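Build the full structure now, drawing on both the sequences and the hints.
So the sequence lines, in the order shown, correspond to chains B and W. As numbered in full-length UniProt numbering, residues 1 to 325 make up the first sequence, in order. As numbered in full-length UniProt numbering, residues 1 to 270 make up the second sequence, in order.
Hints are computed from structural coordinates only; laboratory data are not their basis.
Example chain W residues on the side facing chain B (calculated, C-beta under 7 Å, incomplete):
# : residue
1 : 10
2 : 99
3 : 209
Given the structure is predicted, the values throughout are model-derived calculations rather than measurements. C-beta atoms are modelled at their ideal positions from N, C-alpha and C, and glycine is treated no differently.
This is what each chain is made of:
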Amino acid sequence: MTADRRRARRAPEDSRTRGPRTAEGAATGRDRVPDGSRSGQAGTPGGSRTRRAPAARDSRFRSRPARAAVPLLLRWSVLLAAVAGWEAAARAHGSVYFPPPLRIARHAHDLWFSGPLDHLFLTGAAVDTILPSLGRMAAGFTLAAVAGTALGITVGRSRRAYALCNPVLQFARAVPPPALVPVFVVVFDFGTPMQVASIAFSAVWPVLVNSAEGARATDPLRLEVAAVLRLTGPERLWFLVLPSALPRIFAGLRLSLSLSLILMVFSELLPGSADGIGFTLTDAQTRSDLLTVWSALMLLGVLGHLLNTGLLAVERRLIGPGRVS
Amino acid sequence: MTRRQELVLGVLGTVLAFGACETVARAGFVRRSYLPPASEVLVRAVRLAGDGAFLDGVGATLRAWALGLALACAIAVPLGLLLGTVPGLDAALRAIVEFLRPLPSVALIPLVSLLLGSSTSAEVTLIAYASLWPVLFNTVYGLAETDPLAKDTLRAFGFGRLAVLLRVELPGTAPFIAAGVRISAAVALILAVASEILSGFGEGLGIFIAQAETATDGTRDVLAGVVWAGTLGLVINGVLVGAERRLFRWAHEAPPARRQSGPGRQEAPT
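Structure (structure tokens):
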């Protein structure tokens, strides 16, 4: 049985926590280049193999499937124990700065999730803070994903175009995204356009660079076969380039997703914004309302986790667990 | 295409991008104060190199960056070795880690500034928290990657747990740790600039950018600061890649089959 097929059989829990991260490494794979050039020059023909390697690495987890449930139970019980310990310690100490988790959860519930049933239990405050944040993030991320994939594949399909754009892309990627936000503030002023633009602009680079690499790594032999079969350009793109670039595109998307979350919060933290989770955070900070600060942090953690899990589900659906392109 | 041709095309691309920015700004589609010409920005960025106060600021940012990164490594490497060598511990702590990691560390700025005030220590704490994860995960993965045959051989010869760790596992994991440090370095720079822009922690590049934003003719200064930030990012990455290649030559020159699983786990910035 090949490593990949075994990987597919693995407990879903494991592929959630391990698969993606290794794939991210495989996809960006800067270090696999013998001549030492940067990520841009990642090995062309060997690209398809990079997804196989992480799968093989997981063998020690799959070699004992019968015991898969034990770590799962252990994991949750340890999490519960940690939360309980935190609860006990916070109660015993009574510090204002570290409220007990139960109080935080109750506060979060009161703030956002105690609304009427026809609003899905969301309160007015939740509609005013969580939804705008999520909307902006979705808009920025979608823009970045679509533009990044399209541009990346265009650039990656020609060696010349790739060599032409590479230095500029590398520079754009090296800029810490928050440094650019003030530029967007000057151009768009505060508000949703500025926030969407800064999210999109920061999140576009990982997708772009990864899609370009993915498109570049299309097996030359298959391209020749496609030429023999006289596939048209769009057909080649749809049946050949896109599927082979997909794992890398998703690796880029995952990086972009967490960047969008960072930029979403960052752009709302800036003085001058009017709503959103980040605004709630700064607002609570100025009022020294630590309970709300902790609640917002918890909410962001859960949101980040859910978004990441969602993207992984889409990825698994499209690529299949560990399928080699 | 030869390397030389690629280089020429790369330079050409840079010049083209520069020219495009210049023309758009000069043609007057957008207001000059919104988008100053690229040449003006570049001149300003070069001139800043002679500005002592600005250089002190960049130095302060780099100090916080280095301190945070060092702190993260000092915590993450031993912790990763512990998690990687004791499988039960790894399974047990994974849930906690999985809930901490997706939290965008920028969101911690309000909490940390309430706890620690706007001091350099707050900035360093944030940087350390954010850059902890890539190093930690890479250490754990690197350990899982080490040659089981070598480990078993050593064990068969009667070497203890610690000896195996020091002689086989640590050297085998080192390239992974180095790759993690490189990824963390970029994350740490993001956090250094972000925390400075937001709450005036310390003094540095981020402060310069935040202040330029409110000044007249501010975009030019902001963009000059961005050029500096990008250059710093490129230089840091270049230096680390070079150091990795020099230190772990064998990890990069291994036969292809092996190289595919070379170091390079990526970790999204959190």
